[in-house]
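2 protein chains.
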Amino acid sequence: MKVGEKDFRSIWHEVADPGSVHVIDQRKLPFSFEVMTLRSSGEVCDAISSMAVRGAPLIGAAAAWGVYLSFLAHSSDNDIYSSVMIDAHKLKATRPTAVNLAWAVDYMTEVLKSYPDAGVMHRAAQGLCDDEAERSRSIGVHGLPLIEEISIKKGGEVVNILTHCNAGWLACVDYGTALAPVYLAHDRGIKVHVWIDETRPRNQGSRLTAWELSNHGVPCTLITDNAGGHLMQNGMVDMVIVGCDRATASGDVANKTGTYLKALAANDNGIPFYSAFPVSTFDMSIDDPNQIVIEERDGDEVRKIDGINIAPENIPVSNYGFDVTPARLITAIITDRGVCRANRDSILKILA
Amino acid sequence: MKVGEKDFRSIWHEVADPGSVHVIDQRKLPFSFEVMTLRSSGEVCDAISSMAVRGAPLIGAAAAWGVYLSFLAHSSDNDIYSSVMIDAHKLKATRPTAVNLAWAVDYMTEVLKSYPDAGVMHRAAQGLCDDEAERSRSIGVHGLPLIEEISIKKGGEVVNILTHCNAGWLACVDYGTALAPVYLAHDRGIKVHVWIDETRPRNQGSRLTAWELSNHGVPCTLITDNAGGHLMQNGMVDMVIVGCDRATASGDVANKTGTYLKALAANDNGIPFYSAFPVSTFDMSIDDPNQIVIEERDGDEVRKIDGINIAPENIPVSNYGFDVTPARLITAIITDRGVCRANRDSILKILA
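Protein chains in written order, with our numbering: chain A, 1 to 352; chain B, 353 to 704.
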């Protein structure tokens with residue numbers, strides 16, 4: 001997607017500099033656009049654990065390049081595989097709950113086992129990135145008609161879409177999940193406008209979504225997490241699209257904390273509510289949303305902002321990172337394989 | 353209520369220093385507890401317009417003392433009444449939408465017209481403050497049984513109460529509105545715990561509610577505005593109590609933005625949702641909540657925190673200060689005259 005006039009992905013490799021991979025330092029956004037050049041598996045580890053690089057698909061892509069860089073570093077070792085496996089374990093340990101990360105690392109070490117060759121390893125990492133981007137684009141293709149339909153109903157007037165957190169190209173390799181249909185609609189000339197929840201406590205909405213949408217030229221307005229209900233009550237929201245961290249086999253969606261509140265408001269006002277994600281996000285082993293363990297994060301995320309206290313210093317804080325939106329509140333799920341209803345039968349059909 | 357070991361009101365007059373009134377500088381909370389001594393009507397104006405003093409009941413009380421201080425300053429004027437009226441107009445202009453402010457100023461100038469006497473004026477201002485405190489205490493008395501009932505049902509276990517914004521003693525003269533029943537319950541030895549929404553964008557929850565509850569010794573936990581839904585889904589909230597800025601004759605409640613989302617979540621999880629306020633907050637001339645004009649505030653409240661940018665500098669922002677919770681989502685209204693249902697008949701009975 002565009003930054004200024006130039007097209008970017010959130011991670012890329014340059015032929016002229018084969019021993020490196022480039023990412024955007026997301027900690028510096030939206031105030032400064034800085035490209036980081038990572039030259040070793042260790043530097044990739046640091047970028048992931050410091051959250052310069054975040055978002056499940058992007059973390060996986062970065063880790064794949066990390067294995068590739070480890071291979072280059074150890075290419076003259078007697079036992080390349082063992083050396084790379086040490087780095088692979090370190091990569092996996094950076095964010096232990098990220099399923100995508102473990103999957104990408106395992107994929108790369110499998111490739112290494114069969115074809116210990118720099119060219120093959122390079123193509124594997126690049127292929128993994130391209131697949132990720134293509135998956136996002138497919139989500140966009142399947143979600144686009146839902147936006148188009150509202151646009152037609154409104155006689156070509158602006159379609160107002162509310163989103164929560166950052167499920168855009170910064171979290172993925174390109175396009176995003178929730179934002180992929182938005183980018184495709186905008187690029188086709190459909191008039192869209194996005195209400196961006198700031199998404200406390202980490203403010204991914206105000207920091208990342210606001211930055212990426214406005215840089216691509218998509219009209220957008222920042223709001224507090226409290227505001228969406230009032231906007232929906234007053235006809236100012238046509239649809240809601242959010243991402244997803246894990247979905248149950250019944251179509252319940254675990255996503256950034258606060259998502260459930262927006263789903264309730266959408267439901268109360270007859271506004272369609274969509275969750276967009278690749279089918280790999282379905283955890284078909286889970287039927288009951290209570291089985292999803294919700295991560296509790298550091299209270300200082302709430303007490304401080306950029307290191308500055310915004311609450312009494314020792315006030316107790318509860319900081320669950322996610323909540324679960326029950327399937328009954330979800331109009332449909334937009335995946336890379338098509339749109340399905342939030343129920344087991346419809347999900348199984350998409351997965352078949 | 354208590355700050356450390358000492359009992360405070362949010363505004364007080366000291367006999368030893370008759371030409372002044374004392375308030376807490378709420379801009380400095382929760383980081384520093386500073387008492388401001390206001391020695392003139394002009395200083396009262398500044399305290400209100402700079403939001404050192406905020407909350408409708410407290411603003412009214414401060415303005416009443418402002419008229420009293422103006423009287424003292426002009427006591428040797430030929431036409432005291434005209435001189436004081438000039439200051440009275442300035443006091444009213446500080447926050448033009450605050451109904452309570454205009455009412456308190458008019459009350460004091462009426463007293464002045466009939467009894468231009470320092471002793472009478474002093475007693476009028478003090479009486480207005482005492483009445484305000486008593487009204488809050490009455491809200492507490494009427495709300496207390498609702499907490500007690502849950503406490504008994506839970507066999508004396510902690511009653512978990514969620515609140516939004518600051519509707520405590522800092523906003524009033526004493527006790528508060530939403531928090532009055534909580535303070536009374538706590539002081540009676542009923543085990544309570546309060547979940548405090550931080551209340552973006554002005555963070556009255558993290559700055560003021562967190563400060564006043566913890567100083568009084570009420571167990572409390574700060575959460576983001578996004579978190580309440582998850583807590584309610586998981587049985588961690590027993591009741592919700594919020595304040596109100598204006599209520600319709602049908603029992604719809606306009607309160608700080610985000611209140612509606614909590615009401616939806618309470619409703620979805622079978623949790624009682626109460627709004628607590630003095631009967632003067634009912635606007636019986638309004639039946640349709642769409643008639644309530646919702647104030648739009650400066651976008652920098654969302655873009656910045658303590659002057660620091662937390663979003664792209666020129667991102668468009670929408671910042672409605674309030675939302676309306678429809679009567680159907682409100683279990684009951686707690687007033688200074690008793691508890692009523694959120695419907696016209698029940699409200700008329702309370703007002704009769």
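Source of the hints: derived by calculation from the structure; they are not laboratory data.
Quick caveat, the model's predicted, so the values are computed rather than measured.
Honestly, I wouldn't trust all of these hints.
DSS-like, lysine-lysine: derived pairs with alpha carbons at most 27 Å apart [unchecked claim]:
| no. | chain 1 | residue 1 | chain 2 | residue 2 |
| --- | --- | --- | --- | --- |
| 1 | A | 2 | B | 656 |
| 2 | A | 304 | B | 380 |
| 3 | B | 380 | B | 701 |
| 4 | B | 442 | B | 465 |
| 5 | B | 465 | B | 444 |
| 6 | A | 28 | B | 656 |
| 7 | B | 442 | A | 304 |
| 8 | B | 465 | A | 304 |
| 9 | A | 191 | A | 153 |
Each hint tested on the structure:
1. Under the criterion of a C-alpha separation no larger than 27 Å, the hint pairing residue 2 of chain A with residue 656 of chain B is consistent with the structure, at around 26 Å.
2. As the CA atoms of residue 304 of chain A and residue 380 of chain B are separated by approximately 16 Å, the hinted pair is consistent with the 27 Å bound.
3. Using a Cα cut-off of 27 Å, the hinted pair residue 380 of chain B and residue 701 of chain B is violated, with the two alpha carbons roughly 42 Å apart.
4. A hinted pair counts as satisfied when its Cα atoms are at most 27 Å apart, and residue 442 of chain B with residue 465 of chain B qualifies at roughly 18 Å.
5. Of the pairs offered as hints, the one joining residue 465 of chain B and residue 444 of chain B holds, with about 18 Å between alpha carbons and a cut-off of 27 Å not exceeded.
6. With a C-alpha separation of about 16 Å, the suggested pairing of residue 28 of chain A with residue 656 of chain B holds against the 27 Å cut-off.
7. Between residue 442 of chain B and residue 304 of chain A, the direct Cα distance comes to roughly 38 Å. Violation of the 27 Å bound is thereby established for this hinted pair.
8. Taking the CA atoms of residue 465 of chain B and residue 304 of chain A, the gap is about 52 Å. The hint is violated against a cut of 27 Å.
9. The hinted pair formed by residue 191 of chain A and residue 153 of chain A meets the criterion: a straight-line CA distance of about 13 Å does not exceed 27 Å.
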